[in-house]
Amino acid sequence: VCRYLKDMDKSDRPIEQTLRALVAMLACFGFCPQFDRCGVCGGEGPFRGFRLDLCSAVCQRCAGGQHYRRLPPGTIEAFKFLAGTDAAGEMLRLSETQADQILLLVIGLLQYHLEISLSTVKMLITGEMTGR
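Note that my numbering numbers the sequence shown so that position 59 is 59, with each residue one more than the last.
In short, the hints are calculated from the structure, not lab data.
Do not rely on the hints blindly, as some may be mistaken.
With beta-carbon atoms standing in for the labels, derived distance ranges [what the hints assert, rightly or not]:
| hint | residue 1 | residue 2 | range |
| --- | --- | --- | --- |
| 1 | Lys-6 | Lys-80 | 19 to 27 Å |
| 2 | Gly-45 | His-67 | 15 to 23 Å |
| 3 | Arg-3 | Gly-64 | 36 to 44 Å |
| 4 | Met-91 | Gln-66 | 32 to 40 Å |
| 5 | Gly-65 | Ser-11 | 34 to 42 Å |
| 6 | Leu-114 | Gln-34 | 13 to 21 Å |
| 7 | Arg-93 | Gln-34 | 23 to 31 Å |
For every residue, glycine included, the Cβ atom is placed at its ideal position computed from N, Cα and C.
Kindly generate the complete structure, drawing on both the sequences and the hints.
What follows is the structure in structure tokens.
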């Protein structure tokens with residue numbers, strides 16, 4: 001994280017560097033976005049969006065559902081690039097729309113997984129305290 005913060009400070013593209021840091025933090029929390037196959041059917045794409053609950057890209061046939069977020073192919077490729085590089089890697093130039101879409105996706109992933117994780121922990125603690 002410190003390396004990303006240092007790079008953000010001296011970067012001529014702080015938005016891209018910030019998104020790269022956020023995607024790296026997701027990986028630290030154990031949420032590594034999957035782009036090699038559809039998270040639902042296992043197909044190889046082309047991908048049309050992303051499922052927050054699966055932390056995976058999904059194909060047209062599997063697109064939809066409560067946790068589905070539609071993304072243009074260019075944004076999916078940009079997110080894949082950010083997820084596959086480290087702080088010292090090559091920087092990608094994003095459009096404002098792509099940056100906004102990726103930021104909303106990262107926030108959605110954090111909210112979904114933290115909410116599920118916190119609910120599960122709360123349920124486990126409550127169960128322990130009641131002797132279930």
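A quick look at each hint next to the structure:
For Lys-6 and Lys-80, the hinted distance range of 19 to 27 Å is satisfied, since their beta carbons lie about 25 Å from each other. The beta-carbon spacing between Gly-45 and His-67, approximately 19 Å, falls within the hinted interval of 15 to 23 Å. About 38 Å separates the C-beta atoms of Arg-3 and Gly-64, a value consistent with the hinted range of 36 to 44 Å. Distance hint for Met-91 and Gln-66: a CB-CB separation of about 34 Å, consistent with the stated range 32 to 40 Å.
Separation of Gly-65 from Ser-11 is about 36 Å and conforms to the stated range, judged on CB atoms against 34 to 42 Å. Restraint check, Leu-114 to Gln-34: a C-beta distance of roughly 19 Å satisfies the suggested window 13 to 21 Å. Look at Arg-93 against Gln-34: about 24 Å separates their beta carbons, and that is inside 23 to 31 Å.
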